[in-house]
Amino acid sequence: MGVLGAGQRLAVDLASKHIGLIVGPASDALITEITNFADGIVVVDHPLLINYHSETTIAALTEVSKKMNPHAVLFGNETHCQELVPRLAHRLNGSAAGDVLNLKVKSETETVLVTRSVYGGKAQATIELRRSPAIIWVRARAQEPAVQQTQMAEITRWPLALEPNTQIKLINRQTATQESARLEDARVIVSGGRGLAGPDPFTQLQALAEVIGGQMAASRAACDAGWVPAEWQVGQTGKKVSPQLYLAIAISGASQHIMGIADAKTIAAINLDHDAPIFQHCQFGLVDDYRQVVGPLREKLIELLA
Amino acid sequence: MNILVCLKQILDPELPSRDFRIDGSGRDADRSTAGLVMNIFCANALETALQFREKHGGKITVVTFGAPSAEEILRKALALRVDSAVLVRNELTQRLNPWGVARVLAATIRKLGDFDLVLTGRESGDWGDGQTGGLLAENLGRSCVSLVDELKTDASKNGKVQIRRQTDQGWEAIEASTPLVITVTNNEHNVPRIAKTRDVMQAFRQPLTTLSLADIGVETQSMADDLACTEIVGLSIPKKQTHCEFVTGDTLDERIGKFAQRIVTTVR
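In the order they appear, the protein sequences are chains U and S.
Residue numbers are given in the numbering used here: position 15 of the first sequence equals residue 24, and the series is strictly consecutive.
Residue numbers are given in the numbering used here: position 158 of the second sequence equals residue 1289, and the series is strictly consecutive.
Derived by calculation from the structure, the hints in this document are not laboratory data.
Please note: incorrect hints may appear among the correct ones.
[Said to hold, decoys possible] When the alpha-carbon atoms are kept at most 25 Å apart in a straight line, the in silico BS3-like pairs for lysine-lysine are as follows:
no., chain 1, residue 1, chain 2, residue 2
1, S, K1370, U, K274
2, U, K178, U, K113
3, S, K1186, S, K1370
4, S, K1283, U, K178
5, U, K178, S, K1389
6, S, K1370, U, K178
7, U, K248, S, K1186
8, U, K113, U, K26
9, U, K113, S, K1370
10, U, K178, S, K1242
11, S, K1288, U, K274
12, S, K1327, S, K1190
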């Protein structure tokens, strides 16, 4: 929904139309979900688009974009969007930006200005995308959602000629984690770090997370050590998250980790070291040994949330 | 197989925030006070290539486009026993962007010859655009597999490579024929190795090829167009206003109680 919000506002600023583009199978549920948030919906479907394939998807997007001639094409922060953005921009001779927090229009030139976090969150850059179209993926949760429009979007289905790509073949697709929701979309995250000293304490953290509807994450140290799956990693070299609450347990707070949580609304930490850098980014903190805290904290939360 | 790994030298991401400065142009970080290192995902890509060569043989070439200081990361790669290293000198005064870098890398690849696999890091730890690998694939007119964390080849499969790539929900197993561009991400299996001291010493005596933009046939005009497609209009250091409120209390129970209360208020 964040990407629709960003698109809706950008379309207003550009005095342009906001079209929801569905590449691949378009379920009724998906169409219903977006029908009041866009001026139109374009569906391009093809047997080759049933299973995501980067090369055929880029070919489809290129063809449909050339036909629509958009000012800008926005994507969410799913990993496949991230790979599509620069390549689509190249094929359309436009310009590209990723992990965008804010978008606005420079009115004199009608070009798009984007704001993004750089240097591990140590700085924020404003970048003008001077070559149109602007192809952008946004940090979805950082965007205000779209407002409901009274008109339902008109649906257009476009035929598409696609060549199969035989060079890259998908053998199988695995879901590694039990959670179906993405960490990037999580509202509450409980995260563990090097201070846990092994994989076992994560079970306890998981039990705590369940009580507050949280998803599990970890620092690079914990993932590199193989204690938890690599997909759990938050930080500059992992996922960038923006939950309502990020609870960091036994994480010191190296700057590369902070980069991944810069957009969290509230950060809280439990750490034995009062001077751990993580506390510089916290709204509230507890200086205690996690081993004595996690169990009782879980009990207390159950009591308070009952 | 013939493998090329693209490397980038960046400002050390471990530089503490308090030491981070913006340079005189107001558009980039001040590099004068901080250390420069090999971008971590580039190091992961190099490690992936080294492991591939150990199992399946082949040659590894590393290339970087950058300032003379970038020789340091090439020496580091040579210390890990890559077969050859190429520095393309950046003679431009304009700030680079991924479009310009991808054009230079593509021209270098054409100049150096045939590579079955071209590896880049998933993104850099400075500007983090995450575009160079994809743009390079487009420049070369090759297919691209991104976010790869494992790479091998099965002799029985006529030179095809087996790839594992990370997705939002887990991973995908892919089989692909070469030539191919691959962007590498990190996992527990491609943590960069440390060079042996003896190899570090030897790396300083290894030959290193230096090329200019003219050597690789990059025209200034096409480069200027690429670099003009984006412009940094501002760079600022966000002000931190966070003040951590430490939960206090004489007993652990009391502190846990207060902490729990804060959590409940936040998540409700």
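Each hint tested on the structure:
1. S:K1370 to U:K274: Distance ~15 Å between S:K1370 and U:K274 Cα, so the pair holds.
2. U:K178 to U:K113: At roughly 39 Å apart (the allowed maximum being 25 Å), U:K113 and U:K178 break the hint.
3. S:K1186 to S:K1370: violated (49 Å)
4. S:K1283 to U:K178: Holds, because 15 Å separates the two Cα atoms, which is no more than 25 Å.
5. U:K178 to S:K1389: Distance of about 54 Å is beyond 25 Å: violated.
6. S:K1370 to U:K178: violated (47 Å)
7. U:K248 to S:K1186: violated (31 Å)
8. U:K113 to U:K26: holds (16 Å)
9. U:K113 to S:K1370: holds (22 Å)
10. U:K178 to S:K1242: violated (29 Å)
11. S:K1288 to U:K274: Between S:K1288 and U:K274 the Cα gap is close to 50 Å, so the pair fails against 25 Å, i.e. violated.
12. S:K1327 to S:K1190: Satisfied, since the Cα-Cα distance of roughly 20 Å is no more than 25 Å.
In the structure shown, a violation is registered for the earlier hints numbered 2, 3, 5, 6, 7, 10, 11, in ascending order.
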